[in-house]
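Participant: Protein sequences appear in the order of chains A and B. The first sequence begins at 1 in the working numbering and counts up one residue at a time. The second sequence begins at 249 in the working numbering and counts up one residue at a time.
Derived from the structure by calculation, the hints contain no laboratory data. Just so you know, even glycine gets a beta-carbon here, dropped at the ideal spot from N, CA and C. Treat the hints with care, as some may be off.
Straight-line Cα separation of at most 30 Å, DSSO-like style, residue types lysine-lysine; simulated pairs [unchecked claim]:
1. B:K797 / B:K821
2. A:K97 / A:K155
3. B:K671 / A:K61
4. A:K21 / A:K149
5. A:K155 / B:K688
6. A:K97 / A:K189
7. A:K100 / B:K821
8. A:K107 / B:K688
9. B:K735 / B:K814
10. B:K704 / A:K155
11. B:K716 / B:K671
12. B:K716 / A:K124
Chain B is nowhere near these chain A residues, computed Cβ spacing over 12 Å in every case [as the list claims (entries may be wrong)]:
13. K42
14. D63
15. F199
16. G227
17. K243
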Amino acid sequence: MDNINILIIEDTPEQSDALIKVLLENNYTVVGVARNFTDALKLFYANTIDIIIIDVFLDGKPDGITFAESINIIPNASKPFVFLTSSQDRQIFERAKLTKPFSFLMKPFNELEILYAIEMAVEKFYEQTNVFLTEEQDTVISNDFLFIKKKNSLKKVALQDILYIEVEERYCNIITEKEKFVILISLTKISALLDPAKFIRTHRNTIVNTDKIEEIILADNLIILQGNHKINLSDTYKDFIKKMNILS
Amino acid sequence: MIQKSSLLYFSILFLFPFFLLSQVTSNIDIISKRLQKKAIEYQSETNFVKSQYFFLKKDWDSTLIYTTKQLSTNANREIADYCHFFRARIFHNKNLYKEAKEELFLISKAFEFSTLTTINLGSAFLGLSDFKTAIVYYKKALQSPDIKNQPYSFAKIHEGLGTCYLFLEEYDKAEEYLLINLHSNKNDQVHLYDAYNSLANLYYEQDKNAKALYFFEKAYFLSKEIKDVQIKNLASFNLAVYEENRGDYKKALIYRKEAEQWNDSLNNQNKIWSVADFEKKFAVAQKQKEIKVLEVENQLKNTQRNWLFFSAIILLVLLTAGIYLYAQKVKNSKTILLQKNKLDELNATKDQLFSIVSHDLRSSVHALKTSNSKLSATLETKNYDELNQLIIQNSGIANGAYSLLDNLLHWAMLQTKQLYFHKESVHLYSIVQQIEYNYKPLLFDKSINFENSVAKNCFIFVDLDSLKIVLRNLLDNAIKFSNENGKISFYTSENNSDFCQLILEDNGIGMNQNTVDELLQENELLAKKNNSEIIGTGLGMQLCKQMIKKNGGTINIESQANKGTKVILLLPKTASNG
Chain A
1 MDNINILIIE DTPEQSDALI KVLLENNYTV VGVARNFTDA LKLFYANTID IIIIDVFLDG
61 KPDGITFAES INIIPNASKP FVFLTSSQDR QIFERAKLTK PFSFLMKPFN ELEILYAIEM
121 AVEKFYEQTN VFLTEEQDTV ISNDFLFIKK KNSLKKVALQ DILYIEVEER YCNIITEKEK
181 FVILISLTKI SALLDPAKFI RTHRNTIVNT DKIEEIILAD NLIILQGNHK INLSDTYKDF
241 IKKMNILS
Chain B
249 MIQKSSLLYF SILFLFPFFL LSQVTSNIDI ISKRLQKKAI EYQSETNFVK SQYFFLKKDW
309 DSTLIYTTKQ LSTNANREIA DYCHFFRARI FHNKNLYKEA KEELFLISKA FEFSTLTTIN
369 LGSAFLGLSD FKTAIVYYKK ALQSPDIKNQ PYSFAKIHEG LGTCYLFLEE YDKAEEYLLI
429 NLHSNKNDQV HLYDAYNSLA NLYYEQDKNA KALYFFEKAY FLSKEIKDVQ IKNLASFNLA
489 VYEENRGDYK KALIYRKEAE QWNDSLNNQN KIWSVADFEK KFAVAQKQKE IKVLEVENQL
549 KNTQRNWLFF SAIILLVLLT AGIYLYAQKV KNSKTILLQK NKLDELNATK DQLFSIVSHD
609 LRSSVHALKT SNSKLSATLE TKNYDELNQL IIQNSGIANG AYSLLDNLLH WAMLQTKQLY
669 FHKESVHLYS IVQQIEYNYK PLLFDKSINF ENSVAKNCFI FVDLDSLKIV LRNLLDNAIK
729 FSNENGKISF YTSENNSDFC QLILEDNGIG MNQNTVDELL QENELLAKKN NSEIIGTGLG
789 MQLCKQMIKK NGGTINIESQ ANKGTKVILL LPKTASNG
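Bound conformation, chain B alone:
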């Protein structure tokens, strides 16, 4: 009995893989056609396309990988169903019934091969030795409406049911189902063999030896026509065990030998398989290595690219900075050039001024010299009238030279910003009086009528000394450009609450508009010396402009040739404090 059960166990053990494998091979046509359609339909889902491809190629591991990938990103129900179906099939093939069962449970009811799912669930429970549950699923599958049109599935359900009942030792039911199985699909040799074998096992279990022998032998002869070595081995082995149990050792020996022969070839095949497997693993490792190398290369490329990118950016920045600095430098040098030109110009003007001033001084001193010699000569003749005239003349020359030097000093101080500048309230009328006082002899000499009609209540807020310089220069000019018996007048005109308008008017030789413009021009240091007799250095006018500007006033000139000149000054008034 022990041997019996071992035989049974042995044969059952071998039963499932074939049973399942054969099922795949027979249904594969339908499934593969559907899959090819689906692959086209879901072309964009590369993982699914790959997994179905590997599934059809029976590359289980690759299929598992790609389905995992697909499931991790998937949203489509149908694709998920297919993936779970693939996985279930694969786990089943690997005898991982529990995982297979779980995958099958994950398939939705709308799946188009739901009958197959149910059948597979049955066989999964069968694999897990939960025969009763298996029976439930098989029967459920049997109720599927189109099951009759799928003879293979139909047969398999019955085979599964038979096997279940066999294990449950309900032999009648087992026999019934197994016979249906035997008759349902006679075209497939492997199936037929399985059916014979199952029946033989059934009868053998019931000690119906004649029937068992009949089916064992039928299986054995059928196995001769089947290429599968394992089946041949199993068929022979089953017969050997059977004969051995019956006591016919001779026959048993023959069968056993045959079985061993098949077993050897099977082992051989297994060895080849394992070698192939090893090679495959090796190839995989090789591929893995290559992938790693490629990864490293990729990384290297990435870093190289990054490096290139950053260096390009740095270069660009450097370039921009360089251009900017260069532009700055160009700008600077331009400014410097401009300044240099201006300085050159100023220096030239200064030189010019220097020469004019020294020339003027030289002529003044020279005039004094000759006048002095004349003076001493006149003294000898004791001509006192002429003496007096000469002295007056001398003092005039000295005065001219003095005022020139005075202007020069102030101009120099103004340029070097050494001039003391202190604004205070100044009584304009008194100042005009004071200025006039110094020029009284000159005015008298030229018989010029001087008039000071400045308003006596006019107080201006200026630096006193600079105002004096301005007024002195203007009056000096006015006298210089006035004819004998001319008229010079100072007067104010009230038209502004903040500024006092002081006007110096003469009826002298005047000047044309060009000269006026030239005089009032901002940067022109010296007016051109057209007439060396009467036009001076221009220093006085320049000084006036600068001083008035410094005092916060303005200067303007209105003049007509041969009619006279009007110099109009605007000076800030003292803020009245009540």
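Chain A extracted, bound-state conformation:
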């Protein structure tokens, strides 16, 4: 599990300092603080970023929105935004609304509000609402990552690191090369959200990352994954083998 990388675009040092303090306390990684539009672009392209917290007004100009707009134009570059604002100017909101998905945080804000806004931004961006705050689910799945809520904070796991997933009722055991942990999500949801070409069911309650398969022993109904993980292969789910490119 990795920390979430956050870029802060905020021209007032006091504000950004307060933000950084809260974020660090909650195990987020702050990759940088941009004071203006140009810095923001530079930092955005130089780093891997998961979430951007943007002050709407930079030096009295609504450059924050301009930044969001320019990011949105670039395909696949867009990230979840959290807008910070002390203004309740309708026009600003209307403009910011066009850079959907978005989340607003009204100044002054407290710790809980920041964390809530970040979670909302992720949910809205990946169009999986009402996830982190319910008791049924704690994970949002994007194309590359699982965003998992751990206590008050969010963590991420790259999908490509996952070896296989074991489903147990409402829980899923995620097994990566390095670690093993439990997330709260139902089988139907996780199978719907994962790429079906990459993640396939080999058993009633097992989903395997095909990239990690090393060997399939049909005689024993076994699949051997990287790290020597042995997985049972059920007859009902054998069909996937036909779709695979078999080298020898």
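Go by the hints and put chain B onto chain A.
Facilitator: Same frame as chain A, but now just chain B:
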């Protein structure tokens, strides 16, 4: 012989009018009596009444006009018969035998003077020189059962028959009929004269001079007793022609002179007649003119009346429109007055709010000021414990002032409709947590036990910032009105599929029902400031009501003095999408 025939022609020519006229005069008594009865009977048919009146007055033209009018509208057979009879008589008198004949044919057989009709038909054909047809009609009339009782008609039939045969040169028959005619009605001088004359003509035609002379002379002497000048003239003239033909020029001369004398007087009379006629025509023209003038006047009156009518209508319409507009204006001014009053009230409230807010701010700032001077004084003495307390106190004051200003800002934005409003799905539990977070120091300060038991699966569909304002204000109030070691709890209760019921309960000082009602009243902007120490501007509560209303929710308060207050919010749930 030429002279003979001319005499005959001459006398015959004169014969008919007298013959016909005399017939009318003799029968007129019977007819007029019948007509007067009929006029009473058909009183409503004014045209008929008028035509019979004119007929009896011998005003032929008027009679013709009114009968035409009557016939054009008439439905009654008897009246039609009378009208045709009148018309026939008139045409006959005007020597229009053909028209007379046609009118007579139009009379129905049931007509009570049908015998007269037949006789008239005979004489009409006689007038048209169709002697044989005339004879047929006369004979038909003669067969009528009651003809014997009408000596005059009887005589006339025979006269007509005689004349016809005379023209047909059947002298024997002519003599026979004319003699019957002569003997049938000896009382009437004119008739007698006609009879003499006819006989004289007959004999003269047959060259029976002695008999002719006898009758001519008889006619002549009779004519002396008759007032009619034309008859006198004719009698003398006939004798003159007769004597002249016989060669007795002396006598002829005497008769001729006498005839001329009568002729002169006749001409004179004719002149008088024509003058009278002219005068009559003139009078008619005058009358016509008058009628025209009257018509024009009538038309003028009509147009005047129409004009009056239309102007009255227009006036009425104008009046109605005026009244309507006036009513509208009154209504408008009433509305304006009401609005003005409301505006005045609102303005007064605003002024009041302004003064309260500024007063509150002033006292806050003042408190800060004194606290700061105290702070610096304490700093000199380096009493850190007191310093800390003062700082906490200062931040409390600043917080109070801030929230007041925040409310004021939101209220102003709400009033000017500038507030950004965006509904979204909101996790109620988290929001309550966030709100509580800010009030933690205050709660700690008052040792209040705070509890958030909002259901964690409760999502509501509201504008996040306005919800925060509401909750902040409510919590602020709850803390303000709670005693030390009090208890404040947020909890939801599930009883509606569309709304989430959020309850904020405290066990503070509470309030009485009047205050609750006052707080919840719609238009009251500010709750009255009874207790300046604890009751604020009322702005917060007002803001809460408006925000909740805008979010499609409701607010209710249950409270008991000294026991606590329960604020119950109903907020719309997020529509579940599976």
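Participant: All hints, please: hold or fail.
Facilitator: Structure-based check of all given hints:
no. : hint            : result
1   : B:K797 / B:K821 : 15 Å, holds
2   : A:K97 / A:K155  : 27 Å, holds
3   : B:K671 / A:K61  : 27 Å, holds
4   : A:K21 / A:K149  : 19 Å, holds
5   : A:K155 / B:K688 : 28 Å, holds
6   : A:K97 / A:K189  : 29 Å, holds
7   : A:K100 / B:K821 : 23 Å, holds
8   : A:K107 / B:K688 : 18 Å, holds
9   : B:K735 / B:K814 : 12 Å, holds
10  : B:K704 / A:K155 : 21 Å, holds
11  : B:K716 / B:K671 : 13 Å, holds
12  : B:K716 / A:K124 : 20 Å, holds
13  : K42             : 31 Å, holds
14  : D63             : 20 Å, holds
15  : F199            : 23 Å, holds
16  : G227            : 37 Å, holds
17  : K243            : 30 Å, holds
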